[in-house]
Structures are given as C-alpha cells and as structure tokens.
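Asker: Residue numbers (this note's numbering), protein chains in the order written: chain E, 1 to 264; chain V, 1001 to 1227; chain Z, 2001 to 2227.
It should be emphasised that the hints constitute simulated quantities derived from the structure, not laboratory data.
Idealized CB from N, CA, C, for every residue including glycine.
Hints are supplied without guarantee of correctness; some may be wrong.
As the list claims (entries may be wrong) - Computed list of lysine-lysine pairs in DSS-like fashion (alpha-carbon distance at most 30 Å, straight line): (1) K45/E with K58/E; (2) K223/E with K240/E; (3) K1070/V with K2100/Z; (4) K66/E with K45/E; (5) K2107/Z with K1189/V; (6) K1189/V with K223/E; (7) K89/E with K66/E; (8) K89/E with K68/E; (9) K2189/Z with K1070/V; (10) K2189/Z with K45/E; (11) K2107/Z with K1107/V; (12) K68/E with K58/E; (13) K2070/Z with K2100/Z; (14) K243/E with K223/E; (15) K45/E with K68/E; (16) K2107/Z with K2189/Z; (17) K1189/V with K1070/V; (18) K58/E with K89/E.
As the list claims (entries may be wrong) - A short list of chain Z residues far from chain V (calculated; beta carbon distances all over 10 Å): (19) V2035; (20) M2149; (21) G2187.
To be verified - Heads up, incomplete: computed chain Z residues facing chain E, CB under 10 Å, no partners named: (22) L2048; (23) H2067; (24) T2102; (25) L2116; (26) Y2121; (27) H2122; (28) G2135; (29) L2185; (30) P2186; (31) L2188; (32) G2195; (33) L2196; (34) L2197; (35) P2203.
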Amino acid sequence: MAEQTLFSDQDTSVEERLAAEALIVDVDGFEGPLDLLLTLSRTQKVDLRRISVLELAKQYLAFVEKAKELRIELAADYLVMAAWLAFLKSRLLLPPDPEEEGPSGEELAAHLAFQLERLQAMRDAAARLMGRDRLGRDFFARGEEESVARIKTVTYTANLLDLMQAYARIRTKEDFRPFVMDRDSVFTMEEALDRMRHLLGFTGDWTDLISYLPDGWHSDPVKRRSATAATFAASLQLVKEGKAELRQSETFAPIQLRSLNEDS
Amino acid sequence: MEDQIMDGHGQGAPVREDNDTLFDAPPMAEQERMVEAVLFASAEPVTLRDLEGRMPHGCNPREALEHLRKRYEGRGVRVVRLGDAWAIRTAPDLGFLMQKETTELRKLSRAAIETLAIVAYHQPVTRAEIEEIRGVSVSRGTIDQLMEMDWIRLGRRRMTPGRPVTFVVTPDFLDHFGLESARDLPGLKELRAAGLLENRPPPGSLPLGQGGDEDDEAEEQAELFEE
Amino acid sequence: MEDQIMDGHGQGAPVREDNDTLFDAPPMAEQERMVEAVLFASAEPVTLRDLEGRMPHGCNPREALEHLRKRYEGRGVRVVRLGDAWAIRTAPDLGFLMQKETTELRKLSRAAIETLAIVAYHQPVTRAEIEEIRGVSVSRGTIDQLMEMDWIRLGRRRMTPGRPVTFVVTPDFLDHFGLESARDLPGLKELRAAGLLENRPPPGSLPLGQGGDEDDEAEEQAELFEE
Chain E
1 MAEQTLFSDQ DTSVEERLAA EALIVDVDGF EGPLDLLLTL SRTQKVDLRR
51 ISVLELAKQY LAFVEKAKEL RIELAADYLV MAAWLAFLKS RLLLPPDPEE
101 EGPSGEELAA HLAFQLERLQ AMRDAAARLM GRDRLGRDFF ARGEEESVAR
151 IKTVTYTANL LDLMQAYARI RTKEDFRPFV MDRDSVFTME EALDRMRHLL
201 GFTGDWTDLI SYLPDGWHSD PVKRRSATAA TFAASLQLVK EGKAELRQSE
251 TFAPIQLRSL NEDS
Chain V
1001 MEDQIMDGHG QGAPVREDND TLFDAPPMAE QERMVEAVLF ASAEPVTLRD
1051 LEGRMPHGCN PREALEHLRK RYEGRGVRVV RLGDAWAIRT APDLGFLMQK
1101 ETTELRKLSR AAIETLAIVA YHQPVTRAEI EEIRGVSVSR GTIDQLMEMD
1151 WIRLGRRRMT PGRPVTFVVT PDFLDHFGLE SARDLPGLKE LRAAGLLENR
1201 PPPGSLPLGQ GGDEDDEAEE QAELFEE
Chain Z
2001 MEDQIMDGHG QGAPVREDND TLFDAPPMAE QERMVEAVLF ASAEPVTLRD
2051 LEGRMPHGCN PREALEHLRK RYEGRGVRVV RLGDAWAIRT APDLGFLMQK
2101 ETTELRKLSR AAIETLAIVA YHQPVTRAEI EEIRGVSVSR GTIDQLMEMD
2151 WIRLGRRRMT PGRPVTFVVT PDFLDHFGLE SARDLPGLKE LRAAGLLENR
2201 PPPGSLPLGQ GGDEDDEAEE QAELFEE
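Just chain E, with the same shape it has in the complex:
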C-alpha cells in the first residue's frame, strides 16, 4: 500500500463522481458491498495491489451519501459497510493513538485490499474456467454407449442429494404435515365426546378433567396435549348441552367436571 496515495486528499474527479452516480442507478445489480467496492476501485485505474483504500472509502461514502440524497434505499449491509469504512477512514487519517486497542488502520486497509484482490482473482479464475474447452461444447463423450442387451442386471442407484432430501423430508414431515393426517397422535373432539358421554354417567362428584384422558394418551406430550384439548372441548360441549358443569378454583388450577344428570 503506497503511503502517499493513502494519505493524499485530492478531490474525487468529476469523472469519478459521474461514474459513481451512474452506479447508483444500478445499485440492484451489485452483489453486496464488496462487489460495489470492487467496481468503485476500478475508477482508480491502478493495480488492485496499489489501490488507495482511503480513496476507496471516500468514494464509497460519497456513493452512500448520494444514494441518500436520491432517496435510494440501500440494504442494511451497505450501511454497515459504510459505517465500517467511515471508521476505517478516521483511523487512516488520524495519527495512531498508542492507547487504542485493536488493529491499526493500515492493517484493516490491507485486509480490505486483500479481500478485493482475492474476489477479483476468483472472478478472473471463474472466467478462465468457463472459457475452457468444455465437455458437450468443444469436446465430446462417446455418443453411442455400447451394451450387450442379453445380460441385464438392474442396479438401483441414488445420489447424495436424494439421500439428504429424503432424510430432510422425513425429519421435517411434522413441520408441514396437514393436521388431519396426524391420526396417530390426534385425539379428536368427537372421540372425546363419545368417551365422555359414556363415562359421565359413572362419575357423580367433581372429577378432574385429566382423568377423562384415554389410556395411553398420558405419557407422550404430543398425544397428551391433543387428548387434553379434545377432552376440554368436549366438556364445553357437554356444558353447553346442559349435561355437565365445570369449575376451576383459580387460574391454572385443575379443571373439574360434574355430571348434571338428574340420575346422579
């Protein structure tokens, strides 16, 4: 990093500003702040290794300012970057404070320069890769695979994606499963009503609602929840029908049910 360029304070040229403005129009086309920084850095017309990070920070901040003026909404990560670059700029401009902890401005600037250079290198590499002779376009595989039809063994196959998706499907079945399909652990209100109509005759006095839960629905929390809800709903129905009454001594206390049947 050349010090003199780093600390020079020349104004951004008209040309650069125009370039930055042109970019604003197209802000959606950028893949995040790093991409934008890389594009801005091109206006410096130097090797990425000699880039002035201070200059770049200024360009970026000017860009963000301009966007604000034009009332262009910038995604949060652009603003985070702006804040960070403002911080970096102050570190680069102010003499180092021996008291201050953390990396120096130069270290931070060097890392940013490294990131830009690395991203550019990967883009170049990607372009070179895609420009290579490619199978199915420049060179070709055997067109007519040979087979001896008589011997035919069936081989079953699957790829890793199938496997992972199958697993994900099983494990997230619960997330998406329509409620009605969950018969195994769903106790419906109709079932509860049937059960309670049947049982109500045998219980004369106040009885805890929980005791109406069917056998085998107590331990599994999912089943228990379903059975409790169904039983509660069923008891409300019974009350509505005038066949039972409910009481609860205080909030969250056990709910008790009593038959209103004349016989009892």
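Starting from the known structure of chain E, arrange chains V and Z on it as the hints suggest.
Answerer: Chains V and Z in isolation, oriented as in the chain E frame:
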C-alpha cells in the same frame, strides 16, 4: 503411413491462386481425425453423406474411413459398416468386458432411499427405530434390497430386551455417495441453510401405513435418536 | 502377439506349468485393447478400480492406459485422465464438426459460477468461507444447483468448532472442464504464490461477510488440496 497425402495435399499445380488454397481440403491425416471424432461422438451410425456434409469442403470421407478402418484393425474397437452408415464398435472378442455397461440403472424407491437415509444418519439403528422415524412399517424387501446392494449391513445387536439387530452403512455406501464417513452428512440445520430442505412435501409424499406398526418397543428407544 | 514373453511383462520363470499360464495376465498389448474397448464403450469416465474389476485377474490397467494414451496422441479422439478415472474424448479442435452433438449448456448464474470457482480453487471450502470471499451470503439453491449438476460434492467436515461441512469439486467437474486434476486449474500456482488462496482472518473485527460465523476462524490451510 498417410504422409503421401498429408504432405502432398498441395499436389500438382505449382502456381495457384490464394483463393484456391483457402478452399483446399485438409490433409488426409486430418480428415481421418475428423472422421474418427465424428464416429466416436455420434449417437448413431454415420452415413457417408452425413460425413460429407459435416466435413470441410473438398474432403473425401470415404478414403478417410478406409484409412481409419485399417488403423483400427486388430485394436480393441473396430470401424464397422452397417448398411450405408459407419460406426465404431467394440471388437467382438472383447464383448465379455462390456457386461458392466449392460446394467440398467434405476432410481431407488422412495421407501428404500428413506430407509437408507435413516440408517446413514442414525446408525446403528434397529428396524423398529426406522419404522418409528418413517412413521410406516418397513417391508422386508426394502431392507433386503439395501443389504443386497451392499449399502447397509448388520451391526451389533442392541443390548435391550429382545436384543434386536441393528443396521449400519457399509464402505460401499460411503464410496457410492462420495463420503469419507457417515459423519460428513450435513445435519438438518445445515441442510436447511444450504437450501436443501424442500419447502413443502411433494404431492403424495405422505405414505400411508403399509401394515401393522410395531412401534411399541420403539418408543423406549426414542432417546437413541437424539444426536 | 499372444506370447507374453514378447512384451516382456511376463517376467522370469522360463519353465511354467499350464495352470500358471492359465491364470497369467494377458499380454500388455491385449490389456491395452481391453482398456481401449472399455473406454470407448462408456460415455462416463471409468475408474481405475472399475477397470481392474472388469479385466482379467493380474492385469495392470494403469500401464495399459499409459500405452493407450500415447497411442492416441494427436488423433481425433484422446485418452484423458480425470482424477482416478479415464475417458476418451474428442480432440477440442474438432468441436466444429460436432454441432449436432452439442448439448445446450445449462446457463449458470454469476453467483453459481463464482461459487464454483471458489470451491475449485479453495477446496475443501466451507459455506462461510465462500461467503467471506464473495462478500455476500450464498443464496439458496446455488450450492444445490452445483451439487445437482454433480460438479461439487461434500468433502470432509472441517475440524473446527461446529465441524462445518466442506465442499470439493467432483470428477464430473474435471471431466466437464477437461482437467486432469484440481491441481491443473488454470493459474492455480500463481494465485497460491500471490497468497490469494489464503483464508486470512480479518484483523480484529469482521468487517465483511455477513454472518460473522463462528467458523470464520476455520483456518486449516494444511487441508487445502490435500486429496
């Protein structure tokens, strides 16, 4: 071998116009290469006319084919004529090597892939546990198929009542799926992060129970599923 | 030609019993024919292991492949190596003859292309590292798409907190781009020499790459390009 043509494609006329040279056919060795590449890559036998149409103007595919046919004499593959078309075919005496090419690849059934996935993620796992996770019973055939493919095998017996057998994946499985170990399989969170979780189950993805469920004993082992 | 001593690979034993001869590997010229036939018959690259499995006991496909590769130098088709696998492919300069065979190459997004390059050059690489290099999060489906195309696959988990999964390129990737191994990626040496394949931790805080994942400190350079 073909040098008389290759080097001599400027045969005759010592004085020629530039235009002529431009439209000169490539040397025969080059034509032979072309025919070779076309026959190799084409999905069907290639006719002379087709070759003529594809090769640069002035080529002589018939002659190139002859050269090529001679070149492949006694090799592992031969240039053969089929009606008025040409193709490259394996030498008949080497047909025994082609057995592998005859295997028909079929996608593993949904039941099998799900069972396999459960074994891979939860091994060692018992049959009852597989059924508990899938929510349906696992048919004998599915397990058999996976064992026959050598993707799963029996592990140690579980030290629980009934001492049920467990299943684990095999090195063949790892090989086929390009995994170093089953531990390299991404977890649910990672699958989701990588966008590999489908947003909703594909239509008809809710398999109905295929028979009696035997998951009573599976419940005791529920804690074994926790990673 | 069937005489094993002729090719010199029938080392030693001038006197042998018939039984021995019966189980002797075929002469190298014959092995070359076999390898030739198998490679010609298959569109997919054939692994060395597969060749060994299909050829008679005692064969040395690697040596046969080397002979075959030399034999096809400069021809219309070439013997190419792709990692552990081998294939025959047409010579790239003859692509113009093949318009008929050209397959529509799937259009990849810029994000996918860059991600692919990053995986190729930085492998094994974690998702967080890809994001750190690109400065944006990897969108859903990008990794998915590359895996579906069978160009990248899961590598070993990184031995850092969280044990994140890593991605590496596949033999199909090598095949598609005509690379013998990931080491032959264009410009790899220069990039490495320039330090651009390093995963330098940001000094102090983490300015870029959302997330700021715990695996940002996953700096196991030693692993790069181990394979």
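Asker: Each of the hints needs a verdict: does it hold here or not?
Answerer: Hints, one by one, checked against the model:
| no. | hint | verdict |
| --- | --- | --- |
| 1 | K45/E with K58/E | 16 Å, holds |
| 2 | K223/E with K240/E | 26 Å, holds |
| 3 | K1070/V with K2100/Z | 26 Å, holds |
| 4 | K66/E with K45/E | 22 Å, holds |
| 5 | K2107/Z with K1189/V | 29 Å, holds |
| 6 | K1189/V with K223/E | 26 Å, holds |
| 7 | K89/E with K66/E | 18 Å, holds |
| 8 | K89/E with K68/E | 20 Å, holds |
| 9 | K2189/Z with K1070/V | 44 Å, violated |
| 10 | K2189/Z with K45/E | 26 Å, holds |
| 11 | K2107/Z with K1107/V | 26 Å, holds |
| 12 | K68/E with K58/E | 15 Å, holds |
| 13 | K2070/Z with K2100/Z | 29 Å, holds |
| 14 | K243/E with K223/E | 26 Å, holds |
| 15 | K45/E with K68/E | 27 Å, holds |
| 16 | K2107/Z with K2189/Z | 28 Å, holds |
| 17 | K1189/V with K1070/V | 61 Å, violated |
| 18 | K58/E with K89/E | 8 Å, holds |
| 19 | V2035 | 7 Å, violated |
| 20 | M2149 | 14 Å, holds |
| 21 | G2187 | 26 Å, holds |
| 22 | L2048 | 18 Å, violated |
| 23 | H2067 | 20 Å, violated |
| 24 | T2102 | 6 Å, holds |
| 25 | L2116 | 7 Å, holds |
| 26 | Y2121 | 6 Å, holds |
| 27 | H2122 | 8 Å, holds |
| 28 | G2135 | 3 Å, holds |
| 29 | L2185 | 7 Å, holds |
| 30 | P2186 | 5 Å, holds |
| 31 | L2188 | 8 Å, holds |
| 32 | G2195 | 8 Å, holds |
| 33 | L2196 | 4 Å, holds |
| 34 | L2197 | 8 Å, holds |
| 35 | P2203 | 3 Å, holds |
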